[in-house]
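A.B. asks: In order, the protein sequence lines correspond to chains A and B. The C-terminal residue of the first sequence carries number 212 in the working numbering, and the numbering is unbroken. The C-terminal residue of the second sequence carries number 200 in the working numbering, and the numbering is unbroken.
These aren't lab readings, by the way, just hints derived from the structure by calculation. Hints should not be assumed to be uniformly reliable.
Straight-line alpha carbon distances no greater than 20 Å define the calculated SDA-like cross-link-like pairs of lysine to any residue that follow [stated by the list, open to error]: (1) Lys-26(B) - Leu-191(B); (2) Lys-160(B) - Met-99(A); (3) Lys-26(B) - Leu-142(A); (4) Lys-47(A) - Ala-11(A); (5) Lys-68(B) - Ser-78(A); (6) Lys-160(B) - Leu-79(A); (7) Lys-168(A) - Pro-166(B); (8) Lys-83(B) - Leu-98(B); (9) Lys-160(B) - Ile-77(A); (10) Lys-168(A) - Gly-89(B); (11) Lys-47(A) - Ser-127(A); (12) Lys-120(B) - Lys-194(B).
Since this is a predicted model, take the numbers as computed values, not measurements.
Here is how the chains run, residue by residue.
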Amino acid sequence: MKQLALTAREALLVSCHGCHLLCRVPSPNDSREAHCPRCGASLHQRKPNSIARTWALVLAAFIFYIPANVLPITTVISLGKAQSDTIMSGVIYFMATGMWPIALVIFIASVFVPLAKLLILSCLLISVQRRSNWRPHDRTRLYRITEAVGRWSMLDIFVVTILVALVKLRALATIEAGPAAVFFAAVVVTTMFAAMSFDPRLIWDEREQRYE
Amino acid sequence: MDSLIACHECDLLHRVQPPPEGGVAKCVRCGAVLHHRKRNSLDRTLSLTIAGLILFVVANTHPFLALKSGGLVQQTTLITGIKELYAQGMEALALLVLFTSILAPLVHLAGMLYVLLPLKFNRLPRNLPGVFRLVQSLQPWGMMEVFMLGILVSVVKLAKMGEIVPGIALYSFLVLIFVLAASTASLDPHLIWKRWEQSK
Chain A
1 MKQLALTARE
11 ALLVSCHGCH
21 LLCRVPSPND
31 SREAHCPRCG
41 ASLHQRKPNS
51 IARTWALVLA
61 AFIFYIPANV
71 LPITTVISLG
81 KAQSDTIMSG
91 VIYFMATGMW
101 PIALVIFIAS
111 VFVPLAKLLI
121 LSCLLISVQR
131 RSNWRPHDRT
141 RLYRITEAVG
151 RWSMLDIFVV
161 TILVALVKLR
171 ALATIEAGPA
181 AVFFAAVVVT
191 TMFAAMSFDP
201 RLIWDEREQR
211 YE
Chain B
1 MDSLIACHEC
11 DLLHRVQPPP
21 EGGVAKCVRC
31 GAVLHHRKRN
41 SLDRTLSLTI
51 AGLILFVVAN
61 THPFLALKSG
71 GLVQQTTLIT
81 GIKELYAQGM
91 EALALLVLFT
101 SILAPLVHLA
111 GMLYVLLPLK
121 FNRLPRNLPG
131 VFRLVQSLQP
141 WGMMEVFMLG
151 ILVSVVKLAK
161 MGEIVPGIAL
171 YSFLVLIFVL
181 AASTASLDPH
191 LIWKRWEQSK
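Next up, chain A with everything else stripped away, as it sits in the complex (with noise of 0.2 Å):
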């Protein structure tokens, strides 16, 4: 395997983002869009708007965040007594009574991954944003990792449908889903969109502007 040290946008290329076949640049005065020659996929240099369209996500999932963390996400009646839960009193209802395991997936899956991943990606943003030449390595890991471990923050959202389920033993106990879960739904779908509109190639992209 030869490097060229050349990117593919230096080399006026383009990466198809379908089947990575690699298509020349289309001519700017076309004004139709233009797409891969192979998969029909549509034909982009970098991911379109990826730096506004990652920030505004990622803004409305910070919003999402505190009522998901505020509101009940359960509710269970037993015996005419409704009681609500958070996610939070959850986690320390499990540590109280000594079942730290699961209450430490729950604090990781639900209050850690999804703060972290916003974190994450905003210092992605800012550096990308401030030209930033700082470990583009690290950087691009970084970015993987958020990639890959959002999906676990569905996990609250699946324990809520599986109790929804099986308590529903009439007068003795029911457990409804509490509003938190939509808002928590929500953080975990705004990340995911968040992390693939966000675009690692413009990490690098700073590099060859320094060679130039």
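Position chain B relative to chain A; hints supplied.
C.D. replies: Using the frame of chain A, we list chain B on its own:
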């Protein structure tokens, strides 16, 4: 034959010779995997896809979990919770769970079968690029393994309330997770696109 590939994570151009079976070509600058040539990719992925479809049917038609408590038994299937969320007025949430735990895996399996079965017999499915791109774009949204962890957490949560009885669908679901992961791991997208290109 050499071919030119740009790294999808840092855009660096590479002249890559197709790696040997089972070999991996990585980007020299950022380390992203450029091409992982899989052993026997088409046959393996096809057989795992068919196995996955059978498991999927069992997982969705048979009893999933039951809760026994004080003489009452609440029997559920995979879709019960989704219906219940919908009935409680959480329509968007119900649709999201339906999409991530049932629809995305189903479309993934059906799409792979649609693409791979004709290729196996040296034919081309109609609109291969569209279907294959759809399958690939749905990949992050299939979250069955997260659902499985959710079951584990729920079982611990409900331990005090009653006895949890796993059904046959739960075991199919568990095996399906591994089968899906294996089918994703054995798939070589370059191979599919090469076949498509050669046939045009």
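A.B. asks: List, from low to high, the hint numbers that the structure doesn't satisfy.
C.D. replies: As far as the earlier hints go, not one is violated by this structure.
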